[in-house]
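Trainee: Dock chain W against chain X, hints included.
Protein chains in written order, with this note's numbering: chain X, 1402 to 2278; chain W, 466 to 590.
Rather than coming from a laboratory, the hints here were simulated on the basis of the structure. Keep in mind that this is a model prediction, so the values were computed, not measured. Each hint can be trusted.
Which chain X residues stay away from chain W? Per the calculated CB distances, all over 10 Å, these:
1. E1489
2. D2042
3. E2270
Here are some, though not all, of the chain X residues that point toward chain W, as calculated from beta-carbon distances under 10 Å:
4. P1543
5. G1545
6. D1868
Backbone N, C-alpha and C fix where the C-beta goes; we use that ideal spot for every residue, glycine too.
Now for the letters of each chain:
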Amino acid sequence: MNIQQKVSSGASGVSAVWEDKWIPSACTICYGGCSIRAHRVNGTVIKIEGNPDSPNGAGKLCAKGIAGIMILYDPNRVSTPLRRTNPEKGIGIDPGWKPIGWDEALKETIEKLAKARQEDPRQLVLQVTTTLAPSSLSIFFPFGWAFGTPNMWVAGGGVHCGNGAHAGGGVTHASWSVVPDFHHCNYAIYFGASKGHGAGHAATSNITLAADARDRGMRMVVVDPMCNFAAAKANEWVPIRVGTDAALALSMCNVLVNELNIVDREYLRDRTNGIYLTRADGKYARDKASGEPLVWNAKTGKAMPYNDPDAKDAALEGTFTIDGEECATGFTKLKEHLKTYTPEHAETITGIPAANIRRMAKEFGEAARVGSTIVIDGHTLPYRPASAIFFRGAQGHKNSMYNCFAIDLLNHIVGAADVVGGTLGFNPVCNGHPDTQRPRYKPRPDRDGLMAVGTWMLPHVPYPPADPRKPDSIGFTELFPLSHVSPLMASSDQEHWWKQFGLKYRPKVMLNYGANSMMSVGNKEAVAESLKRYDFIASFDLFLNEFSDFADIIFPDASYLEVLDPRPNFPFIFNHPAGMGEWGWPIRQPVSEPTGERRSARDVLLHIAYELGIGAEMNLAVNSFYGLDGEQMLDPEKKYDIAQICDHELRHKFGNERGLEWFKEHGVITWPKTVDEVYWRTFVDVRIPIYHEYLIDLGERTAEISNKAGMTFDMRYYGPLPEWLPCPSHEVTDTDFDLYAFYYRDAIQANGFTMQNPWIDEVARLDPYSYRIAINAETARKKGLRDNDVVWIESVKGRRVAGRIKATEGIHPEAIGIAACAGHWSKHQPIAKGKGIFFNELLEIDFEHTSPVNLNMDLCSKVRVYRHEDQSESCCG
Amino acid sequence: LTSAGTGNASSDLAQARERASDSVTLRILFMGVIAQFAGGKELMLDFGRGRTLRELLYELERRYGEEFGARIFRSTTPPRRLQMGMRIFINRKLIDEAALEQPLAFESESSPEILIYFLPAACGG
Chain X
1402 MNIQQKVSSG ASGVSAVWED KWIPSACTIC YGGCSIRAHR VNGTVIKIEG NPDSPNGAGK
1462 LCAKGIAGIM ILYDPNRVST PLRRTNPEKG IGIDPGWKPI GWDEALKETI EKLAKARQED
1522 PRQLVLQVTT TLAPSSLSIF FPFGWAFGTP NMWVAGGGVH CGNGAHAGGG VTHASWSVVP
1582 DFHHCNYAIY FGASKGHGAG HAATSNITLA ADARDRGMRM VVVDPMCNFA AAKANEWVPI
1642 RVGTDAALAL SMCNVLVNEL NIVDREYLRD RTNGIYLTRA DGKYARDKAS GEPLVWNAKT
1702 GKAMPYNDPD AKDAALEGTF TIDGEECATG FTKLKEHLKT YTPEHAETIT GIPAANIRRM
1762 AKEFGEAARV GSTIVIDGHT LPYRPASAIF FRGAQGHKNS MYNCFAIDLL NHIVGAADVV
1822 GGTLGFNPVC NGHPDTQRPR YKPRPDRDGL MAVGTWMLPH VPYPPADPRK PDSIGFTELF
1882 PLSHVSPLMA SSDQEHWWKQ FGLKYRPKVM LNYGANSMMS VGNKEAVAES LKRYDFIASF
1942 DLFLNEFSDF ADIIFPDASY LEVLDPRPNF PFIFNHPAGM GEWGWPIRQP VSEPTGERRS
2002 ARDVLLHIAY ELGIGAEMNL AVNSFYGLDG EQMLDPEKKY DIAQICDHEL RHKFGNERGL
2062 EWFKEHGVIT WPKTVDEVYW RTFVDVRIPI YHEYLIDLGE RTAEISNKAG MTFDMRYYGP
2122 LPEWLPCPSH EVTDTDFDLY AFYYRDAIQA NGFTMQNPWI DEVARLDPYS YRIAINAETA
2182 RKKGLRDNDV VWIESVKGRR VAGRIKATEG IHPEAIGIAA CAGHWSKHQP IAKGKGIFFN
2242 ELLEIDFEHT SPVNLNMDLC SKVRVYRHED QSESCCG
Chain W
466 LTSAGTGNAS SDLAQARERA SDSVTLRILF MGVIAQFAGG KELMLDFGRG RTLRELLYEL
526 ERRYGEEFGA RIFRSTTPPR RLQMGMRIFI NRKLIDEAAL EQPLAFESES SPEILIYFLP
586 AACGG
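Chain X extracted, bound-state conformation (with noise of 0.2 Å):
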């Protein structure tokens, strides 16, 4: 840490600065948590920029990150407790707050949580956010294990952000996100993602990655509805149908396989299932002694277990005889499949032209050189500088799960998957700084040889999925075990499926940490009514907002520059830059002590826990969150604050003499990285399926509990081999609602809480984009709409929100594209208030919506579009 004690004295001898320190700590505005330092004088943060010494950003820091200076003194922020005096809870209503001690809202936070759990434990939900970092989780989600309650949920962007992208990057690249190796790849194409364009994962660091591989010539594609910020940099926008994206990668393969033959057989025949032998049910053959899966091996013509040490002659095309029945490769069956996915089938679907897509195809799989290599550190390694890349956007729809399985395909066939110039995952392999060998973790062969992770974020992982069982918790996860976050903790039909699945309590207490998911889910009108299902709602937030109008006790929060936490960019599998380079550990700690009675919601959720008598569960339930043993373990008997606990989960990851007080001073630990540990796909003995045969029998079980209790659904979506399938949007008939609307993230607002930001906010009013509606300017001449209009988006089921537009050439002509999350309506944060549109409104909460296989919520919405009958100045800003 530099500090330095600047004494001077001017003619009345009194010191003009007794301080002037940069602090290293970590940012929070999103969940990327950048390293930043912070200038801090006399006691006040003047400056907030990126910290040079870690790779988590290498001194580079967004917009947001440096107004976040802006969070830490504004003035209206909770500054006390407070209780609702007013009972009626509804959209609008005032809770009528009255300030309280701490005290007394913790006595009657305690009480209520005791009597819950007395009665049921599941009766509890924790709602949290991710908007700040996963790492912010690390007391609450203990606290739920240790309470006794499944009903967890990340609301705060969890609910739109993954469960598609997140399951296909765990099942087919062991992490929790993908981004292409930017040192060495040459062609990236992008569905969607923004990775590297200012949101996301590990963001300011993709920032400076993307941009020098830009320099270098890699050549960038980005597939999107809209062309915004990848597409603005990008040397080719592909505008395309909100929706259809894994139309367009499945054709893309087809051409590739069908039609160039360009594959890499080695790579499909040693890391993937494509030889295993599948049956007429489109399950696997099995060998009759070890149940496992059987290949046929050309050369001796005969079946064995794909791991019989001759396996590595196994065939990856053909059809064969085994025990009377034909029985052809995983491969087999995908090449025949894709034939289907011609380009001219697929141009009707994306209403991309069918020579647009060869041609795209055709780059894609010249630039992956298949059989090439590269010598990196004395390791000859598969060189493939191509890479596919996919996240929101692609992910955001009904259909997520193929979606990311169609456009990851891409990789593999051409043998791009976690090798130089690919496509990688964030940091799946890691060997652990050199003093510890912490932390430490690689996937491995699980089930059929198929890959299971090293790491996680959550307690259950991609594959191999759980036995799907009548769910315990509101949200159905157990029933749907590839999902991570379920729409229905929220739905308007959720006590319609509770009662169905004869679910024996209903949720009655909330503890909400900082999400406001009256904005973060879907329509407000469904969401109200979710909320006021509970009898108490305590919430630590650093803002009253739209949510709280339905909480009975707010905690002011100590904002993320005002706080402890040991590991802002852990597990790295989230969000530590990819591809070569170091690893960085960095900590967050306060830059500026807080002020009024803000307190740190850790420290108070620590502390209701031990209240509560459940400290030994806590304590138990933090040893595992961190993985802490040994002499760094937790004491299920003793009492702890999260100071001791930063200082367990350190000195456990780096040594006794790298504890808190080390890191407070020294701000970050870096390592470099192995190439093993980045281009580990070569190493690792594993296999990925490009035939999910496990989804048959997911699919089977599920059903079979769901069925009886009236919940059906398309049994397509738990097909082995991924399609494109419609949106509920893409099925409306209704020609009057002639548009797909759908939202972005506007990079200076991404996965942040900056509508209130007043520096945020005057960037934001300078971009014509931030608060308005782009509409396709040819579009909009053909509607008698003029640029600036005020108009009304009505949605099928007659959600209607209001806007300006901004007609514009870069966004596809079927389709109408906002900025999110913007529109607040709450008085308390006056910066935010009534800016940009609430496009959240035109979504519908419900499992029609809803992804039968991963819970993903459909996030397009088909719409109408006409003139507002109020034009005037003062309407929509």
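Mentor: Relative to the frame of chain X, chain W by itself:
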């Protein structure tokens, strides 16, 4: 018997008997939501010496039924891996899947019992 003893003759004798018997004493604590399916928070159980954790889990499933078993195991058919999120601590140490097949053991020679915690780390929303 190599225990140094406690200095308390009756206690030492009890421990010696324990060591010499064919069974060990398990103190099992069901934490969080799993307690509902076990019908309580704590169980003292005499269990065959040298038997494995998997055998104990089967015994508990037999006692408490399918609902309990569904929260312990990922599937009802082999290989019956641990349910995702099910955390088991033996003598306060978090164990992994490999421990399923290992005999339950005392923390030290002087330990009067084997302490086992079950904690489901579920996220269902």
